[in-house]
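A.B. asks: Sequence:
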Amino acid sequence: MESRRKSATFISVLVHFTSQSADQESGYNRVDIARDIHAAILDRMPGHVETIISWSNLERRQVGLEAAIEIYKQNIDSPIVDLFSKAAFVVEWATLIWKIEGSVNEARQVFQKNQQWYLQSRHFWAKYFEFELSQPTSLATESEHYSRMKKIFEDMIQQSRMSLITKKDLSNYYLSYLQQRGTKEAMKEFLQVDKDLNG
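With the working numbering applied, the sequence shown covers 39 to 237.
Keep in mind that the hints are not guaranteed to be accurate.
Unchecked claim - Using 16 Å as the maximum straight-line C-alpha spacing, the simulated EDC-like pairs for lysine to aspartate or glutamate come out as follows:
| id | residue 1 | residue 2 |
| --- | --- | --- |
| 1 | Lys165 | Asp193 |
| 2 | Lys188 | Glu139 |
| 3 | Lys206 | Glu223 |
| 4 | Lys137 | Glu168 |
| 5 | Lys188 | Glu168 |
| 6 | Lys189 | Glu227 |
As the list claims (entries may be wrong) - The following label-pair restraints were derived from C-beta to C-beta distances:
| id | residue 1 | residue 2 | range |
| --- | --- | --- | --- |
| 7 | Pro84 | Asp207 | 15 to 21 Å |
| 8 | Lys233 | Glu108 | 45 to 51 Å |
| 9 | Gln100 | Leu121 | 51 to 57 Å |
| 10 | Asp232 | Ser172 | 19 to 25 Å |
| 11 | Asp70 | Asp115 | 19 to 25 Å |
| 12 | Glu182 | Gln158 | 27 to 33 Å |
| 13 | Ser141 | Ile118 | 26 to 32 Å |
| 14 | Arg82 | Glu139 | 29 to 35 Å |
| 15 | Gln218 | Val69 | 43 to 49 Å |
| 16 | Gln230 | Ile138 | 37 to 43 Å |
| 17 | Lys189 | Gln217 | 16 to 22 Å |
| 18 | His161 | Lys222 | 32 to 38 Å |
| 19 | Asn95 | Ser116 | 14 to 20 Å |
| 20 | Ile71 | Gln230 | 30 to 36 Å |
These are calculated hints, taken from the structure and not from any lab test. None of these values were measured; they are calculated from a predicted model. C-beta: ideal position from N, C-alpha, C; glycine also.
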C-alpha cells in the first residue's frame, strides 16, 4: 500500500514537472518540443485531464481558439478516454467559448448539446449551474434566466444518473439561486423543492 502511494506521488510530481518543461519550451518558442512533451505524457496516461488542458492552452496561445477546442474535441471523441475526463473537457470547451470568444449563447449550446452524455458527472452539472449563475441579468431578462436555471435543475434531478446524495448537493445551486435572485414566488418553490428532496 505504501509503495503504491509513493508511486502515485512520484507520477504526479513527474507529470507536473514534465508539464512545466512543456511550458518552458513554449516560452522559448520551441512549440514542437512542447507538443511532443504533451504527447509523450498522453502516450503513458491517455486522457490525463491536466495535460490535455495544458496542451489546449498551448494551442490557443500559438494557433488560436479553434485549435484549442480541437484538442478537446479529439479527446472527447477518443474511445480510450473515460467519461469523467470527457465531461471535464466539455466544460473547458464551453469555458473557452464563453471567456475567450465572449459567446455566452454558443457556450450554453455546448452544455445543452452534451448533457445527455454526462448524466453521471457531478463536475459537468456543477459547472453548468455555475455557468448560468455567472450570467448577468436584468429585470427584463430575469424570467428567461429563471427558466434556464429551472430547466438545468429539472434535467439534473430527472435525467441524471447520479446518487440521490449528489443530486441533493447539486440542488443547492438552484436553492441558493431561488433565495438570492428569485422572484416573489421563489420562496414558495424553494420550500417545495426542499420538501421534495429532504422530506
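A.B. asks: Hint by hint, note whether the structure agrees.
C.D. replies: Do the hints match the structure? See the list:
1. Lys165 to Asp193: With Cα atoms ~14 Å apart, Lys165 and Asp193 stay inside 16 Å; holds.
2. Lys188 to Glu139: Violated. Lys188 to Glu139 sits at ~26 Å, over the 16 Å cutoff.
3. Lys206 to Glu223: 21 Å, violated
4. Lys137 to Glu168: The hint holds at about 13 Å.
5. Lys188 to Glu168: 13 Å, holds
6. Lys189 to Glu227: Holds: Lys189 and Glu227 sit about 14 Å apart, inside 16 Å.
7. Pro84 to Asp207: 15 to 21 Å: The hinted range 15 to 21 Å is violated for Pro84 and Asp207, with Cβ atoms some 30 Å apart.
8. Lys233 to Glu108: 45 to 51 Å: 46 Å, holds
9. Gln100 to Leu121: 51 to 57 Å: 29 Å, violated
10. Asp232 to Ser172: 19 to 25 Å: 24 Å, holds
11. Asp70 to Asp115: 19 to 25 Å: 24 Å, holds
12. Glu182 to Gln158: 27 to 33 Å: 29 Å, holds
13. Ser141 to Ile118: 26 to 32 Å: 31 Å, holds
14. Arg82 to Glu139: 29 to 35 Å: This hint holds: roughly 32 Å between Cβ atoms.
15. Gln218 to Val69: 43 to 49 Å: Between Gln218 and Val69, where Cβ atoms are some 45 Å apart, the hint holds.
16. Gln230 to Ile138: 37 to 43 Å: Given a distance of about 39 Å, which is inside 37 to 43 Å, the answer is holds.
17. Lys189 to Gln217: 16 to 22 Å: 19 Å, holds
18. His161 to Lys222: 32 to 38 Å: At roughly 34 Å between Cβ atoms, Lys222 and His161 fall inside 32 to 38 Å, so the hint holds.
19. Asn95 to Ser116: 14 to 20 Å: With Cβ atoms ~19 Å apart, the hint holds.
20. Ile71 to Gln230: 30 to 36 Å: 58 Å, violated
Taken one by one, the earlier hints fail for this structure at numbers 2, 3, 7, 9, 20, listed in ascending order.
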